[in-house]
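Given the coordinates of chain A, work out where chains B, C and D should sit on it, guided by the hints.
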Amino acid sequence: MPDRLEDFRKEIAEWIAENLPDALRGQPRNEDTICWGGRKWEFRSQAQKDWLERCHARGLTCPRWPVEYGGGGLSRNEEKILRDEMDRAGAPSPLDSFGIWMLGPALLQFGTPEQKAEHLPEITAGRIRWCQGYSEPGAGSDLANVQTRAEDMGDHWLVNGQKIWTSYADKADKIFALVRTDRDAPKHLGISFMLIDMETPGVSTRPIRLISGASPFCETFFDNVKVPKEGAIVGEMNRGWDVAKYLLTHEREMIGGGSGGLTSGATLSEMIGDMDMVAGADPVIRAQAMELEVDSLAFCLTMERYKDMAESGAGVGHASAMLKYYGTELNKRRQEIIMSTRGSEALDWGEGLAAPWLRSKANSIEGGTSEVMLDIVSKRVLELPSK
Amino acid sequence: MPDRLEDFRKEIAEWIAENLPDALRGQPRNEDTICWGGRKWEFRSQAQKDWLERCHARGLTCPRWPVEYGGGGLSRNEEKILRDEMDRAGAPSPLDSFGIWMLGPALLQFGTPEQKAEHLPEITAGRIRWCQGYSEPGAGSDLANVQTRAEDMGDHWLVNGQKIWTSYADKADKIFALVRTDRDAPKHLGISFMLIDMETPGVSTRPIRLISGASPFCETFFDNVKVPKEGAIVGEMNRGWDVAKYLLTHEREMIGGGSGGLTSGATLSEMIGDMDMVAGADPVIRAQAMELEVDSLAFCLTMERYKDMAESGAGVGHASAMLKYYGTELNKRRQEIIMSTRGSEALDWGEGLAAPWLRSKANSIEGGTSEVMLDIVSKRVLELPSK
Amino acid sequence: MERLVDTEDEGMLRDAARGFLDENAPVSAFRTNRDAGRAFDPGLWREMAQMGWAGVLIGEDHGGADMGHRAAGILAEEMGRTLAASPFLSSAVIAASTMRVAGSDRLSQIAEGTALYALAVDEGPKHAPDLTAMEARPEGNGFRLSGRKVFVADGASADRVLVLARSGEGEEGLTLFDIDTARAGLAHTAADSIDARDFATLDFENVEATGEDVVGEVGGGLAALAPGLRAGQAALAAELSGLTAGISAMTLGYLKERKQFDRTIGSFQALQHRAAHLFAEIEVTASAVAHAGRVLDHEPERAQLAVSLAKARATQTAKLAVMEGVQMHGGIGMTDDYDAGFFMKRARVGAEWLGDYGHHAAIVAAMRGL
Amino acid sequence: MERLVDTEDEGMLRDAARGFLDENAPVSAFRTNRDAGRAFDPGLWREMAQMGWAGVLIGEDHGGADMGHRAAGILAEEMGRTLAASPFLSSAVIAASTMRVAGSDRLSQIAEGTALYALAVDEGPKHAPDLTAMEARPEGNGFRLSGRKVFVADGASADRVLVLARSGEGEEGLTLFDIDTARAGLAHTAADSIDARDFATLDFENVEATGEDVVGEVGGGLAALAPGLRAGQAALAAELSGLTAGISAMTLGYLKERKQFDRTIGSFQALQHRAAHLFAEIEVTASAVAHAGRVLDHEPERAQLAVSLAKARATQTAKLAVMEGVQMHGGIGMTDDYDAGFFMKRARVGAEWLGDYGHHAAIVAAMRGL
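Residue numbers (our numbering), protein chains in the order written: chain A, 15 to 401; chain B, 15 to 401; chain C, 746 to 1115; chain D, 746 to 1115.
Isolated chain A (complex conformation):
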């Protein structure tokens, strides 16, 4: 390893040792510990606030973004070292947000200098919390079928329509949304990527209750919402689909990697307890658990191998859709097995097993359904013909 990188590792390790509040070390990552930021944010503790501010000052909320927007300006290798050292120190992520994961990359790729200057510093500082408005009741897998429309009223857009599955819309300050700006253009055209303040009159949200219970998802309604034209659209007018497509890749990686929960957290044997005690000698459950364990381990190795492939520069391309497909189906199997192993005991909401079981059913729907993933693999990877 070059000296420069070794120096960086030493420097960042020291910085973390000095700045990371003890109270935050080795905390589990969950809704109670994550820092989302935004106007309405209430810090869980002084330590959480301190950690965000210190990291932001050092450019570590968005380590690879340019320094001028509050980023760290780090290289790919430096970022990897930073992550290693953060993990080693048991440090939590100082800030999570859809601004970091999605809007930021979109602005860096498609934004005007003014848009970047306006929004990126707010994101890196955790002052503005964004949410994503893509899906609509009639536009699920077929995301391009956007019906929410923005009419050109001269100095502003008049937005009307409904979004669904907007995570944390009720807690967000602003939304980046796909809206139809040309009703006559073919489906994928005529869509623009628009930035809207959630406090604008006419914007309202309603939380969605899932079959598994409360959820972060909302419906978001736009009722004659006036959006000033200045800086409202990211990328070219009517070419919002290009921006969305670019970002879909990001989202897919997030869900594919995150939902499995196979490497982290409890192992299957911890989740189901002693099989002999619980499910007796039932060969059906036993066989299913064995098969799941085999497939889970091999899938973990596959995520590792794909990371190796990406890092070796070979690239994985559309084959990543396979990871999304396999990982989510695996998680559904895992939850089914936990439920059947734990038997009647698991049927009480209070046991806390039913909610994750039911929630897992959405894994193969959100972020591109399993069916869409299989379509991508067959068409883009296997290059099977369309007729």
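What the hints contain is simulated information worked out from the structure, not anything from laboratory work.
Check the hints yourself; a few may be wrong.
Below, computed lysine to any residue pairings styled on SDA-like, alpha-carbon distance capped at 20 Å [said to hold, decoys possible]:
| no. | chain 1 | residue 1 | chain 2 | residue 2 |
| --- | --- | --- | --- | --- |
| 1 | C | Lys1001 | A | Pro151 |
| 2 | D | Lys1004 | B | Gln176 |
| 3 | B | Lys321 | C | Asp751 |
| 4 | A | Lys243 | A | Met167 |
Beta-carbon label-pair distances, calculated as ranges [said to hold, decoys possible]:
| no. | chain 1 | residue 1 | chain 2 | residue 2 | range |
| --- | --- | --- | --- | --- | --- |
| 5 | B | Gly216 | D | Pro787 | 42 to 50 Å |
| 6 | D | Pro787 | C | Ala1111 | 50 to 58 Å |
| 7 | D | Pro787 | B | Gly364 | 52 to 60 Å |
| 8 | B | Gly366 | C | Arg748 | 36 to 44 Å |
| 9 | D | Lys1001 | A | Val81 | 46 to 54 Å |
Note that CB positions come from ideal geometry on N, CA and C, so glycine has one too.
What follows is chains B, C and D alone, placed relative to chain A:
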């Protein structure tokens, strides 16, 4: 039950008792005991010959066909009684043939009086053995893509092309085949249902070896075969597809009912032996065998229920495609489980387990693939839309 | 034995039940019950009882309609289709079948729908009557019952409970009791069940049981329980089969209506083949369910194979149907506002109750020599 | 530990192996061998040995190329792709790995490709070394071996056989011997194996074994066998992974070429989704196979979990691939003239050899605390 039917039962039971040669009672049904008939047929025994002749004389080779063609003229209920009594006496079928199962029903439905008079008596007597020529190398599931063509040469048709999967073509006297008589018509049109003598110059056959070993299947080649026009075509010229479609139903029922072998013959436990001894405590094999047994029993009941539905006049229609699909997939599972339970022992051809295992893979291909069956169910039964 | 298709009488019963339930207990009624925290609607149960459903398995001499197990299965199927919640399985099927064989004088109350029964068997997370540990300690002319029963259907709302307890060693050491739930020392804790029905944990602390409370013979508990257990398993299989029909009809409707990529999603061949495969499984299961009812009616002593076959198949098919149902509905199927999730939750409860897939598949395998 | 992707050297080895095998041992060569009743082509094996394949796991001091287990796996994968038959697994992998740990002086003959070895472990229809019953009766300074071994790969053509026999009670009572197959009292019966390779039954009748013939320690047979067994299981998993790639490439080619109903059959979505699912299984298995090789190279003492994982996955994926392959080819895939059946038969043999799915899945489950 009406007295008339009771009388018939008594009468037929007596007839069987008097005429069935003892040597044939309770024989297993297999290639060594089946009587196929035809010009080249060599009877396995005098008893087989006697039984065929006595049954034919009584109209029992084709019990429901009209008496004038050598049939028995029986009603549906009488035929059921006949079958019951034959089963009770352990009597073998006097004659099996594609003439009885397929060509006969086609001629009875579509044939001219001359065609019926010429062919049906030969079939009922077992003097002519027919084979079926539908499939071609390029026309598998897409049966309508027939390329074997018959050119109109005035007094005869000139036939050129190739058929495949013609069962027992090397042993048959004549073939009923789909041939293209109009090359300009759309696919399903322009096909005729033609009768060709296998001894005509230019007809040749070649047996097909399967992955499981020798098979009754052949390729059949037509090289400038001259077919006299008189009586050559069944049904309307260029409308052979209607005849074939009518018969496909018959074939499907034959394969769906016959291939499973779930009610007759050895039970799974007989086939795999003592699971504890052979496969040890392997929960994977055990679970698979348990699941197969559950599904097999329920499938047997389903065949029974569908028969009940058909007999109660409710009709099963296209849902019978489900039986073909499920029964053949079940048989493949069964063979897989037998192979894995018996382990390395089953890997020697000499043990006689590998051939039926490999042969079972064709169950879900022949007589309409599983994919075609699922298409039929989804479109015709579930009425799912085509776009 | 009758054929596996509905007889004319059964067809009429089915049509009548469907008409009544569509009118009086559609899935929206289940939602209302759930939101009100009510396991079932007593008014609806009174109406069912008036139609003779509570007495479907009870002889006419006790005021029952005596229609038989296939008829009970048809009613359960129809209730499953709309997720109609009622004490039908616990009282009209399980208790009625048990008490009928035992010759109880409480049958007429069950037929009237006024006596609500629960069955308390299981003590662990899996159905295993032979592993019963609850103590039935002899005292005087009777017994004292102590121990815990879990996963007791209708256990919080029942007036009486059939409870299996250990009065001696081994399989011959179990005795079935018929106990008033108000008796001293008996407490229940209602579970927060995912299917929003009444399941409870019952704690017995020195609960008194007299010789009169014994159902069947002392030490003959498994035999006394068998008719009711088998009848319950068959009816539960029927309910699951109806549930499967319900969610599948909903899914097929959605496939024919929902458009994505400018096409009806039901036109996508991958979904078509999965729907067709599900149809096949449904048909195969329907046969096993009808057969179980027929065998219970005609050869009850030989019914275990048929009943276990039906319960095993119905469990698996319901699981497939609800999973395909939610997946094919996409996001909307995941919302609580939509009904699909109700079917998924009830299917899971039905999968465990009275023996899961492995329990019944093992019985089938053993009886078939595997 | 190296990453799970091929290193540059490994990539070159793979390219070279593929080029050689496509040229010299395509599937048609396997057909020629089969039709000639020949389990493998000795000339081809000589060429492989000359390229260093026979010595892939043997140190340079014994004339080997010492390329390691991942490299051996890459060779096995490529051989699996074209069904190239050779004594590679028995001699160059299993025997070489066993003898290397034991420090045998026969390593150089193995590296040259001149010593052909077989491994005789199993005595029943399932792989179970610990159930070994074959008797090793002490006599003088040595032993007398009596009993039967079945499913011995390359058992009819081998010069020497590694045989596990019982010299005492329990797991500590097994001893591994290295025996000349020409020794008196040893007879073989060639099986008519469905994969047309050499599998034999070996009958031992008072076969003499001296102390010199013992591999490792007396009573330490399982330990002596472990390195070879693990290496063989990993390489067999790799072969199955290559076989899977071979049949899948053939199937994808057919899907893109075959027309039915005026469409390329690969355009039917139901087939597309099945092909995509198969692709996912293939990728997941490929990771487990690569990982097993890496762990054998770097932490051999901890390799069992990785090896069993690879063998379990490779077995299941190969089964899926050959079943989909034959079904998607339709009738043509069923004919002996077509190659698909060869893959199906070899996959079945590979599924059983050195432990089936259940055997290895049980090891994985046990090691993971299930």
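Restraint status (C-alpha distance of Lys321(B) to Asp751(C) at most 20 Å): holds, 13 Å
Given hint Gln176(B) paired with Lys1004(D) - CA-CA distance at most 20 Å: holds, 18 Å
Pairwise beta carbon distance, Pro787(D) to Ala1111(C), judged against the given window 50 to 58 Å: With a Cβ separation near 52 Å, Pro787(D) and Ala1111(C) satisfy 50 to 58 Å, so the hint holds.
Lys1001(C) paired with Pro151(A) [C-alpha distance capped at 20 Å]: holds, 16 Å
Beta-carbon spacing of Lys1001(D) to Val81(A) - inside the hinted bounds 46 to 54 Å or not: holds, 50 Å
Range hint compliance [Cβ, Gly216(B) to Pro787(D), 42 to 50 Å]: holds, 47 Å
Cβ distance range 36 to 44 Å for Gly366(B) and Arg748(C), holds or violated: holds, 38 Å
Holds or violated: Lys243(A) to Met167(A), with C-alpha atoms at most 20 Å apart: holds, 9 Å
Gly364(B) and Pro787(D) - C-beta distance against the hinted 52 to 60 Å: At roughly 26 Å between Cβ atoms, Gly364(B) and Pro787(D) fall outside 52 to 60 Å, so the hint is violated.
Taken one by one, the earlier hints fail for this structure only at number 7.
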